[in-house]
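Colleague: In order, the protein sequences belong to chains A and B. Take the first sequence: its letters are residues 1 to 488, numbered as in the UniProt record's numbering. Take the second sequence: its letters are residues 1 to 434, numbered as in the UniProt record's numbering.
No lab work stands behind these hints: they were computed from the structure. Treat the hints loosely; a few may be bogus.
[Stated by the list, open to error] Cross-link-like lysine to any residue pairs, in silico, SDA-like; alpha carbons within 20 Å at most: (1) A:K295 <-> B:S230; (2) B:K417 <-> A:T450; (3) B:K383 <-> A:V117; (4) A:K264 <-> A:E361; (5) A:K295 <-> B:I227; (6) B:K382 <-> A:Y136; (7) B:K383 <-> A:E187; (8) B:K226 <-> A:N225; (9) A:K434 <-> B:R163; (10) A:K224 <-> B:G81; (11) B:K141 <-> A:T450; (12) B:K247 <-> B:K203; (13) B:K383 <-> A:K224; (14) A:K224 <-> B:K226; (15) B:K203 <-> A:A296; (16) B:K101 <-> B:G81; (17) B:K141 <-> A:A139; (18) B:K203 <-> A:A307; (19) B:K226 <-> A:Y136; (20) A:K295 <-> B:R268; (21) B:K226 <-> A:G228; (22) B:K275 <-> A:A296.
Remember, it's a predicted structure, so these values are computed and weren't measured experimentally.
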Amino acid sequence: MFRSRKKKQTRKDVHVAQLEAIVGPTEILYEKEDLLSYDCDGFTVHKAMPKAVVFPKNTEEVAAIVRYCSVHDLPFLARGAGTGLSGGAIPLNGEVIISLGKMRNLLSVDYENRQAVVQPGFVNLKLTNSISSKGYYYAPDPSSQYVCTIGGNVAENAGGAHCLKYGVTTNHILGLEVVLPNGEVIEISDGGIPDSPGYDLMGLLTGSEGTLGIVTKITVRILKNPQGKQTVLAYFDNVEDGSRAVSGIISAGIVPAALEMMDKTAIEGVEAGAYPVGHPKDIDALLLIEVDGIKAGIDEQIEEILAVCKSRNVREVKVAESEEERGKWWANRKTGFGAMGAISPDYLVQDGVIPRSKLPEVLKRISEISKESGLRIANIFHAGDGNLHPLILFDSRVPGETEKALEAGTACLKACADVGGSITGEHGVGIEKKEEMRFIFTDEELEAQTRIREVFNPDDLLNKGKLFPTPSRCMDVKKVVKDTVAAK
Amino acid sequence: MEIQDMPQASTAASSIFKDEKFGNDGAEVVAPESEADIADILRKANKDGKKVAIISGGTKRGYGGLKNDYDILLSLSQYKGVVEHTAGDMTVTVRPGTTIKELQDFLREFDQMASIDPAWPEQATIGGVIAANESGPKRMKYGSARDLVIGLRVVYPDGTVIRTGGKVVKNVAGYDMNKLFIGSMGTLGVITEITMKLRPLPKCESLVKLFVSKEQLQDLKTFVVKIQDSMIEPATLEMVNPALSKKLFNRDTYTLLAAFEDVENSVRYQEQWIKDNKPEGMAMDVSSETEATAFWNAFSKIAPNSLTDYESNRTRAVVKIGSKNMNVFEWLAEAETLQKANLLTIEMHGGLGHGITNAICTGVESEVKQAIVRLRYRAEDKKGYAIVKHLPYTLRHEIDVWGHKPAYFFLFEGIKKKNDPNNTLNHQRFVGGI
Numbered sequence: 001m002f003r004s005r006k007k008k009q010t011r012k013d014v015h016v017a018q019l020e021a022i023v024g025p026t027e028i029l030y031e032k033e034d035l036l037s038y039d040c041d042g043f044t045v046h047k048a049m050p051k052a053v054v055f056p057k058n059t060e061e062v063a064a065i066v067r068y069c070s071v072h073d074l075p076f077l078a079r080g081a082g083t084g085l086s087g088g089a090i091p092l093n094g095e096v097i098i099s100l101g102k103m104r105n106l107l108s109v110d111y112e113n114r115q116a117v118v119q120p121g122f123v124n125l126k127l128t129n130s131i132s133s134k135g136y137y138y139a140p141d142p143s144s145q146y147v148c149t150i151g152g153n154v155a156e157n158a159g160g161a162h163c164l165k166y167g168v169t170t171n172h173i174l175g176l177e178v179v180l181p182n183g184e185v186i187e188i189s190d191g192g193i194p195d196s197p198g199y200d201l202m203g204l205l206t207g208s209e210g211t212l213g214i215v216t217k218i219t220v221r222i223l224k225n226p227q228g229k230q231t232v233l234a235y236f237d238n239v240e241d242g243s244r245a246v247s248g249i250i251s252a253g254i255v256p257a258a259l260e261m262m263d264k265t266a267i268e269g270v271e272a273g274a275y276p277v278g279h280p281k282d283i284d285a286l287l288l289i290e291v292d293g294i295k296a297g298i299d300e301q302i303e304e305i306l307a308v309c310k311s312r313n314v315r316e317v318k319v320a321e322s323e324e325e326r327g328k329w330w331a332n333r334k335t336g337f338g339a340m341g342a343i344s345p346d347y348l349v350q351d352g353v354i355p356r357s358k359l360p361e362v363l364k365r366i367s368e369i370s371k372e373s374g375l376r377i378a379n380i381f382h383a384g385d386g387n388l389h390p391l392i393l394f395d396s397r398v399p400g401e402t403e404k405a406l407e408a409g410t411a412c413l414k415a416c417a418d419v420g421g422s423i424t425g426e427h428g429v430g431i432e433k434k435e436e437m438r439f440i441f442t443d444e445e446l447e448a449q450t451r452i453r454e455v456f457n458p459d460d461l462l463n464k465g466k467l468f469p470t471p472s473r474c475m476d477v478k479k480v481v482k483d484t485v486a487a488k
Numbered sequence: 001m002e003i004q005d006m007p008q009a010s011t012a013a014s015s016i017f018k019d020e021k022f023g024n025d026g027a028e029v030v031a032p033e034s035e036a037d038i039a040d041i042l043r044k045a046n047k048d049g050k051k052v053a054i055i056s057g058g059t060k061r062g063y064g065g066l067k068n069d070y071d072i073l074l075s076l077s078q079y080k081g082v083v084e085h086t087a088g089d090m091t092v093t094v095r096p097g098t099t100i101k102e103l104q105d106f107l108r109e110f111d112q113m114a115s116i117d118p119a120w121p122e123q124a125t126i127g128g129v130i131a132a133n134e135s136g137p138k139r140m141k142y143g144s145a146r147d148l149v150i151g152l153r154v155v156y157p158d159g160t161v162i163r164t165g166g167k168v169v170k171n172v173a174g175y176d177m178n179k180l181f182i183g184s185m186g187t188l189g190v191i192t193e194i195t196m197k198l199r200p201l202p203k204c205e206s207l208v209k210l211f212v213s214k215e216q217l218q219d220l221k222t223f224v225v226k227i228q229d230s231m232i233e234p235a236t237l238e239m240v241n242p243a244l245s246k247k248l249f250n251r252d253t254y255t256l257l258a259a260f261e262d263v264e265n266s267v268r269y270q271e272q273w274i275k276d277n278k279p280e281g282m283a284m285d286v287s288s289e290t291e292a293t294a295f296w297n298a299f300s301k302i303a304p305n306s307l308t309d310y311e312s313n314r315t316r317a318v319v320k321i322g323s324k325n326m327n328v329f330e331w332l333a334e335a336e337t338l339q340k341a342n343l344l345t346i347e348m349h350g351g352l353g354h355g356i357t358n359a360i361c362t363g364v365e366s367e368v369k370q371a372i373v374r375l376r377y378r379a380e381d382k383k384g385y386a387i388v389k390h391l392p393y394t395l396r397h398e399i400d401v402w403g404h405k406p407a408y409f410f411l412f413e414g415i416k417k418k419n420d421p422n423n424t425l426n427h428q429r430f431v432g433g434i
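The following block holds chain A by itself, in its conformation from the complex:
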């Protein structure tokens, strides 16, 4: 034991030794075999090795690590549970990874003012579990909520099935403590007080994919559980009827808590997965609809939803009869991505968003893309807010199929962008969709964003190479001209 430590020390480079001095010898990894599991996150197509992984225990240690990296020009990035689906935590430049996994405490809960303070490594679902005995919960519920961290949720502005009614992460963040890329610690909206005077830095940081600062403490809004909740499952013989039912429900003036859709291929996958429900195999689409709120008001909304479904040729529609049944339906939906593993060796999930009214048109286009690429595409998505998740099924052992899948993914995003949509609703850009940013933003618009990055992260040491496409020639030239003018 002693011997192997000594051996390690002789191989350590000077930076690793200095970082170890900050966090202690048990809180750093730098041997190649230890670093392997940090070479990617939930986006597994691209891999790169970090220089080291450090596990700070508090804000001061994070700040000290950041200061050290900043002074010594070492690229660095923050990592939570590593569940991100767009590659935001992949160390493209041999970064020092600052894992926030050991800063995982619930610091305080203030029920009167409906807020809780957590460390970034605190797991999303644990917050709800910690406050549920008092009847409270934390609303953003990404499918990975049993393992993903709230720090990571802030970085990605994570969504979830219930954000149709309750909003995404940014709508639930009240305050942030942030370590800036130079090591300085700032507190924004300390105390979780709204409308802090000045530019909305909290809004900018949320969803900045770890490129503006490292969040070390988060004040979140907590909500009281709704008094009642009813869930409806509707089976359709064709996708178009299902899509029209979605529009019908929204047009009826109902704001469902969730409105999810799965197509035939997706249903095949979830039924072969760990949580089968027994959905009929020959249906074309299903809708999972949830309404919550005051009990007295729910029944009439459910009646209206049933009527809408019937008027759109639903084959069968039913209301969950028990909490168990409801739980079963949701487990089937929430494990949908992983379930694709049961019907395909590999899958790639995309995350486009479209105006709801374009749903039939875009689904048709996706099925064409499937035909063109020769790859099956399953659709599991948040139909209520137009957030599509095409799952492209492929086999990476077949030469050329991974590339084909990536191309099909890009084509799906293009289809979303073409109808005025977005390339990502909740998974983030990361490295995966960098180039696709050009589908929706002009050079000037991208430059407006990178200028903001320069304010926070002027040396671009923090999570470099993410979020923005490689600068086009035109922009490079412009920058040179600008710099020359400035120099004069």
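With chain A fixed as given, assemble chain B onto it according to the hints.
Modeller: Below, chain B without anything else, positioned relative to chain A:
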């Protein structure tokens, strides 16, 4: 419904440029009717080193600003109207000069609404409301501008037109640049289009009022905690102090306004819940649907704005206090301490579900100034803030309407410098003289 002495806004738009009481005026007034014209004006001003102030409805000239005159006053009042509305998508794209009322009237035809209830909907425009991040009591249920805006078009000082966000309700592509412009007081760019997500008009609404004597305040506080801990879902829980209750209801009591907006069964259930659970001896009144609408309309006009405040013998100020929800009770108590017969009146209302309190101070100048300083001292002591949303120009040189600069002010400066390096837009209008 006893609404007394409600001030009426001047309808003569030209008059807003004539008086000097609120500053933020311009040597030259331009009212472009296209985005291209706006871009041309900015490009030229930016090149010529001219300073530009932005105005739209003209209700917020008393909100920040250390200049009496800018070179150019860019009015967006003529750049108005709905650009795009797809009812099925529940989104609308609108030009900045559209008044809140015009927007809501348009959407009502589709049983939809923009879920924002700022003051003076007939005069205030959506552009101004977004730029100043204005909100009303119902933000407790519906959130504020930052929760509703999904996309913007912005003209930068150099004339570049930038789109932020998009037209879809969920979007994480790139930085959330919408947030940068909401509440930035026009210091970073001119907003030329706003895309918002909409909500269906509630099928039923009602307003429950509880009239509370000073002696009953402690009971009320306990009751409010009980409401918050219950599963009922009020759209607002707004506390009103006696001075404002007097004006609104002709009663010398505190008043709790609890609004409910949902399907009818749910609204009736929640009214009944309040009735069954309220402390004994507390007077309760339930407004009908039409009364509730009329009440909120009147409520939106209680604060002075730069179109209505022409008084010369009394100073009027509106202070926005940000604090934790339950601190509202402390501000109510503070208002009682500060008020002085014939010298200072404070009409106050604060949201127990959203933490924003508004104090309308009216009186002799020295007392109004003292009240601002005192409220700010108390608010900052509790990690909150007190900013002055409405104050005559001369006093804005004596009192920093934005309060102390945060430790991270350098980031604000950095952002301003990147977007507007020549300080062309609304210079000195914002925090720390940005």
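Colleague: Take the C-alpha atoms of A:K264 and A:E361, compute the straight-line distance between them, and say whether it is at most 20 Å.
Modeller: holds (17 Å)
Colleague: For the pair we were handed, B:K247 and B:K203, check the Cα-Cα distance against 20 Å.
Modeller: violated (30 Å)
Colleague: Verify the proposed pairing of B:K226 with A:Y136, using a straight-line Cα cut of 20 Å.
Modeller: holds (14 Å)
Colleague: Measure nothing beyond the straight line between the CA atoms of A:K434 and B:R163; if it is 20 Å or shorter, mark the hint as holding.
Modeller: holds (18 Å)
Colleague: Going straight from one Cα to the other, do B:K101 and B:G81 come out at no more than 20 Å?
Modeller: Holds, at about 12 Å.
Colleague: B:K226 and A:G228: Cα distance at most 20 Å?
Modeller: holds (18 Å)
Colleague: Tell me if the straight-line CA distance from B:K203 to A:A307 falls inside 20 Å.
Modeller: The hint holds at about 18 Å.
Colleague: Could you grab the alpha-carbon distance between B:K275 and A:A296 and see if it respects the 20 Å cut-off?
Modeller: holds (16 Å)
Colleague: Take the C-alpha atoms of B:K382 and A:Y136, compute the straight-line distance between them, and say whether it is at most 20 Å.
Modeller: violated (25 Å)
Colleague: Given the proposed pairing of B:K141 with A:A139, does the C-alpha separation stay at or below 20 Å?
Modeller: Answer holds: B:K141 to A:A139 is near 14 Å, not above 20 Å.
Colleague: Decide if the proposed pair is consistent with the structure: B:K417 and A:T450, CA atoms, cutoff 20 Å inclusive.
Modeller: Holds - the C-alpha atoms of A:T450 and B:K417 are around 14 Å apart, at most 20 Å.
Colleague: Given the hint that A:K295 pairs with B:R268, test it: the Cα-Cα distance must not exceed 20 Å.
Modeller: Between A:K295 and B:R268 the Cα gap is close to 12 Å, so the pair holds against 20 Å.
The structure shown violates the earlier hints numbered 6, 10, 11, 12, 13.
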